[in-house]
Amino acid sequence: EPEVTQTPSHQVTQMGQEVILRCVPISNHLYFYWYRQILGQKVEFLVSFYNNEISEKSEIFDDQFSVERPDGSNFTLKIRSTKLEDSAMYFCASTRSGFSGQRLRSDQPQHFGDGTRLSIL
Amino acid sequence: KNQVEQSPQSLIILEGKNCTLQCNYTVSPFSNLRWYKQDTGRGPVSLTIMTFSENTKSNGRYTATLDADTKQSSLHITASQLSDSASYICVVTSGEGGYNKLIFGAGTRLAVHP
Chain A
127 EPEVTQTPSH QVTQMGQEVI LRCVPISNHL YFYWYRQILG QKVEFLVSFY
177 NNEISEKSEI FDDQFSVERP DGSNFTLKIR STKLEDSAMY FCASTRSGFS
227 GQRLRSDQPQ HFGDGTRLSI L
Chain B
53 KNQVEQSPQS LIILEGKNCT LQCNYTVSPF SNLRWYKQDT GRGPVSLTIM
103 TFSENTKSNG RYTATLDADT KQSSLHITAS QLSDSASYIC VVTSGEGGYN
153 KLIFGAGTRL AVHP
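Residue numbers (the working numbering), protein chains in the order written: chain A, 127 to 247; chain B, 53 to 166.
No lab work stands behind these hints: they were computed from the structure.
Please note that the accuracy of each hint is not assured.
[To be verified] Rough simulated footprint, nothing fancy, chain A against chain B, three-plus residues with beta-carbon under 8 Å:
id, segment
1, 65 to 71
2, 110 to 122
3, 155 to 163
[As the list claims (entries may be wrong)] 25 Å max Cα-Cα, derived PhoX-like pairs, lysine-lysine:
id, chain 1, residue 1, chain 2, residue 2
4, B, Lys53, B, Lys123
5, A, Lys168, B, Lys53
6, A, Lys209, A, Lys168
7, B, Lys123, A, Lys168
8, A, Lys183, A, Lys204
9, B, Lys109, B, Lys69
10, A, Lys209, A, Lys183
11, B, Lys53, A, Lys183
12, A, Lys204, A, Lys168
[Unchecked claim] Residues from chain A that keep clear of chain B, each with C-beta distances beyond 10 Å, as calculated:
id, residue
13, Gln137
14, Asn178
15, Asp189
16, Ala219
17, Gln234
Fair warning: this is a prediction, and the values are worked out from it, not measured in the lab.
Yeah, the Cβ is synthetic: ideal placement off N, Cα and C, and Gly gets one too.
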């Protein structure tokens, strides 16, 4: 069964440095997401991406964050100047969505990768 | 404020026993409710998705219920196995029109002992 793959599995970075987390969504999926999970806390939505642009983002996703789909397969999350509080597990997810009339169907399962553990020193 | 609350926080049961996990939500507008299983160190895996009009949905030994009037959902696990040990996360999708953001509960950590 196709999977969402994320690299690296663990990233250690000095505070203030830029970091890029990489994801390869399932090939025929159209919607892509980033989430984060701080150790011991609940998963939090960061951003959704569709048709080469951000469709929604949370208040966590500030100017330090950006997403990109540089080619037909990769989906990246960049943190421009990392802070200690950015240490977390970052999950990428994708879904195959479709339209039903004017509304985007939201009953498709999201497929998650196994995450990148980001440690900021 | 949109919130998803789960109970209990953690649960220990013996292999072969049944259990039920609870989820209460205050999310508006409601789009759908999902249950995920998250093994330690892994990403969440979708178990069920229920829309407003669905009361129950099964996936093998997992059965989810939804009461949209009381804004409650439950996940029932039948004949538990050691591999059921994981966190079970209730997620409510909010919004309309677009593909909306998901609001996660904190999860119930289930441990199945032999």
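Checked hints:
no. : hint                  : result
1   : 65 to 71              : violated (count 0)
2   : 110 to 122            : violated (count 0)
3   : 155 to 163            : holds (count 5)
4   : Lys53(B) / Lys123(B)  : 14 Å, holds
5   : Lys168(A) / Lys53(B)  : 16 Å, holds
6   : Lys209(A) / Lys168(A) : 20 Å, holds
7   : Lys123(B) / Lys168(A) : 20 Å, holds
8   : Lys183(A) / Lys204(A) : 14 Å, holds
9   : Lys109(B) / Lys69(B)  : 20 Å, holds
10  : Lys209(A) / Lys183(A) : 19 Å, holds
11  : Lys53(B) / Lys183(A)  : 17 Å, holds
12  : Lys204(A) / Lys168(A) : 21 Å, holds
13  : Gln137                : 15 Å, holds
14  : Asn178                : 15 Å, holds
15  : Asp189                : 19 Å, holds
16  : Ala219                : 8 Å, violated
17  : Gln234                : 8 Å, violated
Of the numbered hints stated above, those contradicted by the structure are hints 1, 2, 16, 17, listed in ascending order.
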